[in-house]
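Peer 1: In case you want the letters, here they are:
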Amino acid sequence: MKTFENIVCSFCGSLCDDIVLEVEDNAISKVRGGCAISRRRFLGPIDREVPRIDGQEAGFDEALDIAVEILAKARHPLIYGLSSTSSEAQAAAVKLGETLGASVDSTSSVCHGPGTVAKQLVGLPTCTLGEVKNRADVVVFWGCNPVEAHPRHFSRYSVQAKGLHIEEGRRNRKVIVADVRRTATARTADIFLQVAPNEDFQVLTALRAVIGGAELEGEAFGGISRDEIRTTCNILQNAEYGGFFFGMGLTMTQGTHYNVRQALSLVRDLNEKTAFAVIPMRGHGNVAGAETVLAWQTGYPFGINFSRGYPRYNPGEFTVTDLLSRREVDAALIVASDPGATLPARAASFLSEIPTIVIDPNYSATAKLARVFLPSAPVGVAASGTGYRMDQVPLPLRKVIDSKYPSDHDILLAIDKGVTECSASKEVLSMIL
Amino acid sequence: MLCVKGGSIYDPLNGKAGAVGDIYVSDGKIVPPAPGARVIDATGLVVMPGGVDIHSHIAGPKVNVGRVICPEHSRSEPVARTSVTRSGVGSVIPSTFVTGYRYARMGYTYVTEAAAPPLEARHVHEELSDIPIVDKGALILMGNNHFVLSLIREGDFERLKDYAAFLIKASGGYGIKAVNPGGGANWRKRGNVGSLDDETREYRVTPREIIDALIEVNEALGLPHALHLHCNNLGQPTSGETALETMALAKGRRLHITHMQFSAYKPTKGRPFASSAKALAEYVNRNPNITMDVGQVVFGPAVTMTADAPLQYSLHTLTKERWVNKEIEMETQSGIVPLTYRKRTYVGAIQWIAGLELFLMIENPWQISLTTDHPNGGPFTAYPWVIRLLMDRSYREEVAETVNKRALGSSELPKLTREYTLEEIAIITRAGPARTLGLANKGHLGIGADADIAIYRPNSDFEVMFQAAAYVLKGGEVVVREGEVVSETFGKTYIPALPERRDVTPWLSPVFSKFYSVAFENYAVEKEKYMPCEVV
Ligand code: SF4
Ligand SMILES: [Zn+2]
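So the sequence lines, in the order shown, correspond to chains P and C. So in my numbering, spot 341 of the first sequence is number 341, and the numbers just go up one at a time. So in my numbering, spot 323 of the second sequence is number 756, and the numbers just go up one at a time.
By construction, these hints were calculated from the structure, which means they are not laboratory data. On a predicted model such as this, the values are computed, not experimentally measured, just so you know. Where is the CB? At the ideal position from N, CA and C, for every residue including glycine. Each hint should be verified, as a subset may be incorrect.
[Claimed, not checked] With a Cα cut of at most 30 angstroms, we get these calculated DSBU-like pairs of lysine-lysine:
no.	chain 1	residue 1	chain 2	residue 2
1	P	Lys174	P	Lys162
2	P	Lys2	C	Lys602
3	P	Lys404	C	Lys960
4	P	Lys273	C	Lys753
5	C	Lys925	P	Lys95
[What the hints assert, rightly or not] Derived list of chain P stretches under chain C, where covered just means 3 residues or more per stretch with a C-beta under 8 angstroms from a C-beta of chain C:
no.	segment
6	124-131
7	385-392
Between the sequences and the hints, there should be enough to build the whole structure, so can you do that?
Peer 2: If you want it as structure tokens, here you go:
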């Protein structure tokens, strides 16, 4: 038996890095620390899947060849996903996208993309999670439910966590939750703002108005009474240090990037009075890395197209839902994500009409409708690399067991090589003919 | 073996100022003449060591957020892939691949990333690894670090040395950087420091004490480069006075003042500030222990990004532009604000003038390095333009005629007739910064030096001459021909040889886990993240 300490869990955007894994016979036998999600995921079987072509079991190399052929032939392929893999694999996906002249998009475009667009409009006063742990005496959760989706966020970083100036954890903090439903997170709050569905913008606007010194006319704003708005503002501006987390309840509801813009502006305004920081509550383990890697390699965070040989950026044009529902791509390579299960039906179903290739440790819903399925070594378990936490802190994802399959990174590089050789031979051929 | 034959060699360190000669190259190094070498005909061309940038923001969290929030810049300059190079974007903050290509085509072969936070150093190295061709090193932010300030207050300088050595090693860094020391610590409560003797609230130490201690630590560790300091009150009318006081506190010890132009202002009636470059230049002229780089402002779009977060907030309140602020637990903070420098505005003109005054009034070129504090004062791709301004007085006067009259009238610039020679340019863009950084094998073409060579086609327009080298050799390989990248190589990361110090783990590890959000064991950057590396 071998014990690995301080392992980073990449099963949600919290990237807790204190997991202890025991490994026996090339299998994880015990998980110490962690949460229900991480235990289930770390203990889950690996290498259970087989490569498939049209749903039928096939050899890995054979499946890889078909994948290369599909992509080399495609006129406008899409590379999508990338949120649950290493930054190295994300870089390899960009390289392949460039080789193919493809569109490259990450799951950002259907989760926190609007937050990124909002950031391009107003900027972002932010901090690392340790700063929240050390200093934040007021914490806001807006449209996110960490108790269920990021189970250890509270204890490690934001609510119960004890730090440099927050010695007693929860007792030193006021917690405000805004959501349309009384979620598990909401039940822990000192103040719960039950926002009327799709009216986050109104509530945020009212809060900004009061912080800016305006008198409110009207009794309620997006389902929140004037008194509640005032009380909330009092707490916000009297914070020593505030932390504001927002999730898809803000980014993906009516108003999308306008909502986030209002939230970011609120936090910016609060900095005239005190110190306040905002962190997008990223869901997938390395979706933050996808934005980061794409930006340093191409200049742009998501929604990129290489058809002209250089990167172009246009959310709404080169983003997954738009490309698929407008039927603009003729092949798709899905890496480490499951759009078949998460995208709107019209977009998802188009994936079964075009040749789709899936690289994933699991035989996902998308894999089931794919032409080619290439199982890969799960990152942070049987493959290593870097993961970026929701606050952009990079952490090492480590390999603790071996997989019989290559990593996403190696598969993507192999495809890139195959496509490059394929098109080189095509060029030679066309010269001869 | 290769021979660069018959060029006019500018190798100031070895006393060559245009003498025609041959340079032999083998195994990535400059070697003594030997028969049988392949010849690069440099007849009529100017041969210099590869350029060395002492201060530029090219990789890491804040550079990248700058890219994300400013797609409007990237869109203005797409860069297509070629058979040897990757695609990307140019403009104000180029993507990583393009950063390497653009430095290389100007003949630069070494770049210093000026500000790496240890907690995010892994990110810095991931980006640096994606910057082709050039060698690189990263300076590590320490001026507002919790443990640095606490140890100074406790007066435990031995432990401070242990810790500084640990931080450099854990971050894969090259040297020590301090930015508005003490000011950042107060910024956590949205304050700042106003003078060298202002106490920080939580640590009760002053900027003077922090700077003094970090100079001491830097020298005790025998680091190749001096403490790299971004002064307090930068950008303020009090900045010039503060910079003078700061340099004085070095008391003869080495000190590098970075982007001094942004610290070269003094109060004036009815205007935000005037240039105090003259007083600073005079000080530098009298004190050979001081080195500096300029941080020349370039007219047009820029993105300001610095660990001086309070400065960035005040810039944001002034311009109402997008504002990014980031506190990094226990260590540092940063701010980003896009900005356009306009020649017609008084402030824009004063900043441009102050930079040129420093260039023209600092007498010893070995003390001054050319930088724009990329992308703060403007992109590094403007270096050739700056060179033209320095070498061509009539061009400089032509441009000066177009800037804000009142600013120009109040300045020394019209009186400055100096023109830089090619030899002086070779000093401020390679030989000098290499010496200041302590890179013994860079910035010159003597036997044993790295075969990083830039070959330029002379042109009366010096901007044209320096923006696209005729040839660039990196480690002996031809990587640029006629301004085009013809081969994509990857350089090394430079790290210093550190003296043996006591292990910090026994005292640091227990407090670390209380105050950080990551495990101590996951803090240090894995060495393979910055391989290959070179120890100097
Ligand atoms: S909270 Fe998220 S990162 Fe932490 S252990 Fe659970 S699943 Fe893993
Ligand atoms: Zn700088």
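Peer 1: Indicate, hint by hint, whether the structure satisfies it.
Peer 2: Now the hints, each set against the structure:
Distance hint between lysine 174 of chain P and lysine 162 of chain P is fulfilled; the C-alpha atoms sit about 14 angstroms from each other, no more than 30 angstroms. Taking the CA atoms of lysine 2 of chain P and lysine 602 of chain C, the gap is about 29 angstroms. The hint holds against a cut of 30 angstroms. Restraint check: the Cα-Cα separation between lysine 404 of chain P and lysine 960 of chain C comes to about 27 angstroms, which is no more than 30 angstroms; the hinted pair holds. For the given pair, lysine 273 of chain P sits about 17 angstroms from lysine 753 of chain C by alpha-carbon distance, which is consistent with the 30 angstroms threshold.
This hinted pair checks out: lysine 925 of chain C and lysine 95 of chain P have alpha carbons roughly 22 angstroms apart, not beyond 30 angstroms. With 8 residues having a Cβ less than 8 angstroms from any Cβ of chain C, the segment 124-131 of chain P passes the three-residue criterion, so the hint holds. With 3 residues having a beta carbon nearer than 8 angstroms to a beta carbon of chain C, the segment 385-392 of chain P meets the requirement of three or more and the stated coverage holds.
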